[in-house]
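Novice: Here's the letter readout for the chains.
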Amino acid sequence: MDYTFHFEVLETYWTWLAKGLWITVYISIISMFLALIIGLIISICRLSKIKILVIFSQSYIEIFRGIPLFVFIIWLYYGLAMVSGINFEPVTAGIICLSMQHGGYLAEIYRAGIQAISRGQWEASFSLGFSIISTFARIIFPQAVKIIIPPTANMFIGLFKDSALVSIIGVNELMRQSQIATSLTFRPFEFYTVTAIIYIVLTLCLSQLAKFLELKMSNE
Amino acid sequence: MEKNIIKVEKVKKYFSEILVLNDVSLKIQRSNVVVICGPSGCGKSTLLRCINGLEGLNSGDIIINEKSILDKKNLRAIRLDLGMVFQQFNLFPHKTVLENIILSPIINLGVNKDEAIVNGRKLLERVGILQKENQFPSSLSGGQQQRVAIARGLAMQPKIMMFDEPTSALDPEMIKEVLDVMIELAHDGMTMIVVTHEMGFAKEVADKIVMMDEGKIIEESIPNEFFGSPKKDRTKHFLSKILK
Numbered sequence: 001m002d003y004t005f006h007f008e009v010l011e012t013y014w015t016w017l018a019k020g021l022w023i024t025v026y027i028s029i030i031s032m033f034l035a036l037i038i039g040l041i042i043s044i045c046r047l048s049k050i051k052i053l054v055i056f057s058q059s060y061i062e063i064f065r066g067i068p069l070f071v072f073i074i075w076l077y078y079g080l081a082m083v084s085g086i087n088f089e090p091v092t093a094g095i096i097c098l099s100m101q102h103g104g105y106l107a108e109i110y111r112a113g114i115q116a117i118s119r120g121q122w123e124a125s126f127s128l129g130f131s132i133i134s135t136f137a138r139i140i141f142p143q144a145v146k147i148i149i150p151p152t153a154n155m156f157i158g159l160f161k162d163s164a165l166v167s168i169i170g171v172n173e174l175m176r177q178s179q180i181a182t183s184l185t186f187r188p189f190e191f192y193t194v195t196a197i198i199y200i201v202l203t204l205c206l207s208q209l210a211k212f213l214e215l216k217m218s219n220e
Numbered sequence: 001m002e003k004n005i006i007k008v009e010k011v012k013k014y015f016s017e018i019l020v021l022n023d024v025s026l027k028i029q030r031s032n033v034v035v036i037c038g039p040s041g042c043g044k045s046t047l048l049r050c051i052n053g054l055e056g057l058n059s060g061d062i063i064i065n066e067k068s069i070l071d072k073k074n075l076r077a078i079r080l081d082l083g084m085v086f087q088q089f090n091l092f093p094h095k096t097v098l099e100n101i102i103l104s105p106i107i108n109l110g111v112n113k114d115e116a117i118v119n120g121r122k123l124l125e126r127v128g129i130l131q132k133e134n135q136f137p138s139s140l141s142g143g144q145q146q147r148v149a150i151a152r153g154l155a156m157q158p159k160i161m162m163f164d165e166p167t168s169a170l171d172p173e174m175i176k177e178v179l180d181v182m183i184e185l186a187h188d189g190m191t192m193i194v195v196t197h198e199m200g201f202a203k204e205v206a207d208k209i210v211m212m213d214e215g216k217i218i219e220e221s222i223p224n225e226f227f228g229s230p231k232k233d234r235t236k237h238f239l240s241k242i243l244k
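So the sequence lines, in the order shown, correspond to chains A and B. Going by our numbering, the residue at position 58 of the first sequence is 58; the numbering climbs one at a time, nothing skipped. Going by our numbering, the residue at position 134 of the second sequence is 134; the numbering climbs one at a time, nothing skipped.
Simulated from the structure, these hints should not be mistaken for laboratory data. Worth double-checking, as some hints may not be accurate.
Facing chain A, according to a computed beta carbon distance under 7 Å, are these residues of chain B, among others [as the list claims (entries may be wrong)]:
no.: 1; residue: Tyr14
no.: 2; residue: Leu80
no.: 3; residue: Ser104
Only a predicted model underlies this, so the values are computations on that prediction, with no experimental measurement involved. Note that CB positions come from ideal geometry on N, CA and C, so glycine has one too.
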């Protein structure tokens, strides 16, 4: 136990971490938003009665849920450029990978939430003259949302931490910034401890937001 | 005007390999109350569900208010003519009692909101639960929920009301409050199709009682004959079981 923490290195480098944090938050929020939309579309396809859409959505879920994010990022950023000449900005590539993979996870969460609503709700709504789209939007989905929120929050916490993986293609997000700062100062424990605390605090914010939404929904 | 508001013509319905409706034909006149009874699995609920298009037909036809259910374009208009009350109530749990009632008239009939609310309150008063208008269904008893479900159906001003075992999921002391509402509705001249084992209700208001067994209508008669001198042994047996 002769290691002495020297947190004063942060005085010089805290702006680095702040910059990294901003990029992490930026990538995460956009990816979450896109994942929500992708997940909804894929789950609707999955639940539809049109065979080609079901096959498409099943394949999507199996492929993008199964592929390691690391490989996916490398493939999209370097592989696609080599094969087709399409070059993405590193941040864009990261957002695409995160939102596509988490869209696949969310699709299954949505599906479970939607299927948890009883058949009787659909039938009552149809009997009252609502169309299938109207039934979904007004009757089924608002009920399913309550079921979907907690596991979605869980997924988002995962996404938030997964976003560190985009550092492999040179995006200067929080984790990479603390790596660089570490290599310059040889103070890994100081930087990684602070980085971990930042992740934990933001995760806490996310889960509190989810709790708040859940409570608000159940009061309505 | 055609006097039979509903004509079921030689309907066959399979669930995978199993024949659940076997050549069922039935005519229902305007303002009549028809009670359908029979053992579970006899196809009575399936018949109701075929009438409002929740189940498709394998063959035959159903004509409601001169519109055939086989023509997909008619489906919505037919559903607007038919009110349906389910065994499990199926109220929308995320909407208050009043919202449950006014949602469909506003969206599907284009009634303006104020008018829908006035009308909704009248209906709630009629079924005796106006004081619960701002509560959510989960805080109501089963009997109250079923009365809301009836009010929800009536809010669409249907020409026919269908009831699929409306009292089967209720505690015994709540059955009467629901039946009273239905009896009043029958006396007001509503055309009704009621799948039920409440033979007291059938005796009091039915114009016709239909007995089904194994996917077929085996007997169709007025209450006096049905209870006094049933024609089929199967009916006698059924009645002896449920009347005790």
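Novice: Each hint should be assessed against the structure and marked as holding or not.
Specialist: Going through the hints against the structure:
Nearest Cβ of chain A to the Cβ of B:Tyr14: about 18 Å, over the 7 Å cut. The hint is violated. For B:Leu80, the interface hint holds, the least distance from its beta-carbon to any beta-carbon of chain A being 5 Å, beneath 7 Å. Here the hint on B:Ser104 is kept, as its CB sits about 4 Å from the closest CB of chain A, short of 7 Å.
When the structure is compared with the earlier hints, a violation turns up for hint 1 alone.
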